[in-house]
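Asks: If you're matching them up, the sequences are chains V and L in order. Counting in our numbering, the final residue of the first sequence is number 274, and the numbers go up one at a time with none missing. Counting in our numbering, the final residue of the second sequence is number 298, and the numbers go up one at a time with none missing.
Don't take each hint at face value.
[Said to hold, decoys possible] Negatives, chain V to chain L, calculated, CB over 10 Å:
#	residue
1	3
2	4
3	6
4	11
5	15
6	35
7	90
8	94
9	123
10	180
11	199
12	271
[Stated by the list, open to error] Straight-line alpha carbon distances no greater than 25 Å define the calculated DMTMM-like cross-link-like pairs of lysine to aspartate or glutamate that follow:
#	chain 1	residue 1	chain 2	residue 2
13	L	124	L	82
14	V	271	L	82
15	L	18	V	100
16	L	261	L	235
17	L	274	L	219
18	V	271	L	112
19	L	261	L	249
20	L	124	L	197
21	L	261	L	287
22	L	18	V	273
23	L	76	V	77
24	L	132	L	60
25	L	132	V	100
26	L	124	L	112
27	V	271	L	259
28	V	271	V	132
29	L	76	L	215
30	L	132	L	178
31	L	132	L	112
32	L	76	L	57
33	L	124	L	60
34	L	124	L	57
35	L	76	V	100
[As the list claims (entries may be wrong)] Now the in silico label distances, taken between C-beta atoms and shown as ranges:
#	chain 1	residue 1	chain 2	residue 2	range
36	V	85	L	125	37 to 43 Å
37	L	170	V	171	24 to 30 Å
38	V	69	L	166	25 to 31 Å
FYI, nobody ran anything at the bench for these hints, they're computed from the structure. Please read these numbers as outputs of a predicted model, since none were measured by experiment. Even glycine gets a Cβ: it sits at the ideal position worked out from N, Cα and C.
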Amino acid sequence: MIARILATATTELHIARRNRWVLIAALLMVVFSLVLSAAGSAPTGALGADRLSVVVASLTSLSVYLVPLVALLMSFDAVAGEVERGTLPLLLTYPVARWEVLVGKLLAHTAILMVAIVAGYGAAAAVTIAADPAAASGLRALWRLTWTSVLLGATFLGIGYALSSLARRVSGAAGLAIGLWLGLVVLYDLGLLAAVVADDGGTFTTKVFPIALLANPADAFRLFNLTAAQATAAVSGVGSAANAIPQWQSLTSILLWPLVALLLAALTFRKVEP
Amino acid sequence: MTSMLTISQLTKAFGGVKALSDVSVNVAAGERVALLGHNGAGKSTLMKIILGLITADSGEISVCGATPGHASARAKVAYLPENATFHSALTGLEQISYYMRLRNLSPSGAMDLLDRVGLSFAAKRRIGTYSKGMRQRIGLAQALIGHPSLLVLDEPTSGLDPVSRRDFYELLDSLAADGAAVLLSSHALTEVEARTDRLIILSGGRVVAEGTLNELRREAALPVAMNVTALNGYDTDIQAALPGAIRAEGMLHLTCAQDEKLATLARITALQGKVADLDVIPPSLEDIYSHFSRRDGQ
Chain V
1 MIARILATAT TELHIARRNR WVLIAALLMV VFSLVLSAAG SAPTGALGAD
51 RLSVVVASLT SLSVYLVPLV ALLMSFDAVA GEVERGTLPL LLTYPVARWE
101 VLVGKLLAHT AILMVAIVAG YGAAAAVTIA ADPAAASGLR ALWRLTWTSV
151 LLGATFLGIG YALSSLARRV SGAAGLAIGL WLGLVVLYDL GLLAAVVADD
201 GGTFTTKVFP IALLANPADA FRLFNLTAAQ ATAAVSGVGS AANAIPQWQS
251 LTSILLWPLV ALLLAALTFR KVEP
Chain L
1 MTSMLTISQL TKAFGGVKAL SDVSVNVAAG ERVALLGHNG AGKSTLMKII
51 LGLITADSGE ISVCGATPGH ASARAKVAYL PENATFHSAL TGLEQISYYM
101 RLRNLSPSGA MDLLDRVGLS FAAKRRIGTY SKGMRQRIGL AQALIGHPSL
151 LVLDEPTSGL DPVSRRDFYE LLDSLAADGA AVLLSSHALT EVEARTDRLI
201 ILSGGRVVAE GTLNELRREA ALPVAMNVTA LNGYDTDIQA ALPGAIRAEG
251 MLHLTCAQDE KLATLARITA LQGKVADLDV IPPSLEDIYS HFSRRDGQ
């Protein structure tokens with residue numbers, strides 16, 4: 001079992017390396033992180049936080065968009081591509097379980113995301129600490145952001161596989177992936193905000209809103225990193241809500257989502273008839 | 001002989017259209033069986049059911065003693081899809097190594113396998129740069145991994161040049177000699193010729209004929225054609241002696257049933273001195289195949 005999963009992961013790494021995905025993902029993260037750390041380092045001091053913690057707050061806002069996007073871009077082809085190339089029937093005649101194939105792909109793609117995330121955040125941290133050695137006190141916040149970003153990425157990789165199995169065509173899977181990204185990462189928050197404004201402190205705001213935030217992996221990720229770094233709560237629009245939700249709840253959501261996404265992917269992949 | 005594949009009364013329909021009806025097939029260890037049929041005759045459907053990729057509607061099927069698609073069946077069965085495709089970014093060596101590891105084998109033997117199908121020279125090139133014949137050989141190489149008990153090959157010789165095709169059948173002979181059961185499909189009888197032990201002809205999802213080439217030849221009982229070349233001036237004499245002969249392209253052309261062959265030959269030899277040459281043309285493989293695949297109202 002382990003050998004077959006690792007075999008799939010190795011093969012996926014070869015493919016991703018040749019398709020320049022490793023390079024593209026890492027470059028994207030590095031460029032955006034550096035731009036943010038340069039832009040975000042100006043208003044420091046007033047908040048009473050070290051420079052790196054401020055950069056981490058900016059990076060959190062960036063990652064909530066960028067990490068799911070990169071993950072979906074890497075994963076939407078995973079099943080639909082095999083179906084369209086005609087490589088799936090042969091693969092499924094091998095003594096390998098479908099979930100083993102998915103876990104192998106997930107391992108490889110998560111490893112690539114890790115490289116990209118570490119390269120991006122690392123570059124931002126290096127630049128910030130070089131400018132102000134005292135910023136090193138924000139390293140804990142950066143570490144927290146790093147591992148939660150990896151989990152966020154793994155969640156969206158799993159969701160991407162599920163969409164890929166659902167669509168069975170590469171073009172359809174790409175459309176679904178972009179649609180889902182827009183929905184979960186952009187429109188979801190706008191919708192909640194509108195509902196909260198309309199509700200004006202009613203039951204929706206107190207009961208439904210916190211659950212809605214926790215149910216969305218991107219929001220849970222943002223919540224967790226913001227509640228952990230109190231000093232930067234002011235940066236975010238959902239800052240007040242972040243304080244109302246205990247940290248263990250957002251942490252649970254972050255930890256559960258990758259498993260839920262993988263389960264969804266395995267269930268939809270099982271229904272694909274080659 | 002132990003049976004590696006036993007199928008009885010298999011039926012499969014796609015949305016009301018019957019793809020296979022009442023199909024029964026047996027393949028024993030060491031036996032090479034060719035599945036013949038037009039496009040759409042049901043060959044690929046039958047193979048996909050054997051591999052467990054799709055399920056049958058009714059009928060019984062046992063693959064190496066297990067149900068199709070079961071892990072123990074998949075461990076013993078190798079498959080070569082029609083127009084085998086692979087990820088273009090991988091090299092041939094990487095692709096074969098991957099498949100070996102999926103079968104829990106050390107990939108150190110990958111180069112030997114590629115050598116066996118004559119591809120070691122391109123092992124470290126991307127499959128995207130391969131020709132169709134080379135991709136087909138990668139497909140063949142993966143089907144050889146781990147000494148499978150049953151090989152299911154969907155049109156394995158399509159895209160191969162005549163020399164590669166001969167090499168392929170030699171490889172097949174050695175596999176069968178080692179005890180592997182082979183089921184291969186083709187849409188041309190000429191492609192499988194005498195290189196298989198038994199032929200099964202599918203038409204419209206039914207088995208319309210089964211047996212060795214000689215058995216099928218006898219059963220079809222197609223007429224034998226003869227071309228007689230007359231010595232100068234004797235055309236009319238010969239035509240008078242052989243009623244039914246047609247003059248075409250300077251030769252006399254006649255046909256007779258299998259059991260009249262000797263009698264007809266005797267009459268021609270009686271015309272000694274008037275006949276310059278004689279050709280006896282048995283029914284071609286294509287004729288036999290068309291005879292069976294057109295039967296059944298096709």
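Asks: Is the hinted pair residue 124 of chain L and residue 197 of chain L satisfied, with a Cα-Cα distance of at most 25 Å?
Replies: Distance ~37 Å between residue 124 of chain L and residue 197 of chain L Cα, so the pair is violated.
Asks: Has the given pair, residue 18 of chain L with residue 273 of chain V, been kept, meaning a C-alpha gap of at most 25 Å?
Replies: Cα-Cα ~19 Å, so holds.
Asks: Quickly compare the C-alpha distance for residue 76 of chain L and residue 57 of chain L to 25 Å and report which way the hint goes.
Replies: holds, 24 Å
Asks: Hint check: residue 132 of chain L vs residue 60 of chain L, CA-CA at most 25 Å. Holds or violated?
Replies: Violated, at about 36 Å.
Asks: Compute the least Cβ-Cβ separation between residue 199 of chain V and chain L, then decide whether it is above 10 Å.
Replies: Check passes; 50 Å lies beyond 10 Å.
Asks: Is the Cβ of residue 6 of chain V farther than 10 Å from every Cβ of chain L?
Replies: At about 8 Å from chain L, residue 6 of chain V fails to clear the 10 Å cut-off, so the statement is violated.
Asks: Are the Cα positions of residue 271 of chain V and residue 259 of chain L separated by 25 Å at most?
Replies: Roughly 57 Å separates the two Cα atoms, so the pair is violated.
Asks: Are residue 261 of chain L and residue 235 of chain L close enough, with their CA atoms no more than 25 Å apart?
Replies: Holds. Residue 261 of chain L to residue 235 of chain L sits at ~21 Å (cutoff 25 Å).
Asks: Would the non-interface assignment of residue 4 of chain V survive a Cβ cutoff of 10 Å against chain L?
Replies: Label violated. Min Cβ-Cβ 5 Å, cutoff 10 Å.
Asks: Within 25 Å, alpha carbon to alpha carbon, are residue 271 of chain V and residue 112 of chain L?
Replies: It is violated: about 37 Å lies between the C-alpha atoms, which goes past 25 Å.
Asks: Does residue 100 of chain V sit within 25 Å of residue 76 of chain L, going by the straight-line distance between their CA atoms?
Replies: holds, 19 Å
Asks: Would you say residue 94 of chain V is clear of chain L, with no C-beta pair closer than or equal to 10 Å?
Replies: violated, 5 Å
In terms of the numbered hints stated before, the structure departs from hints 1, 2, 3, 4, 5, 7, 8, 15, 17, 18, 20, 23, 24, 25, 27, 28, 29, 30, 33, 34, 36, 37, 38, listed from lowest to highest.
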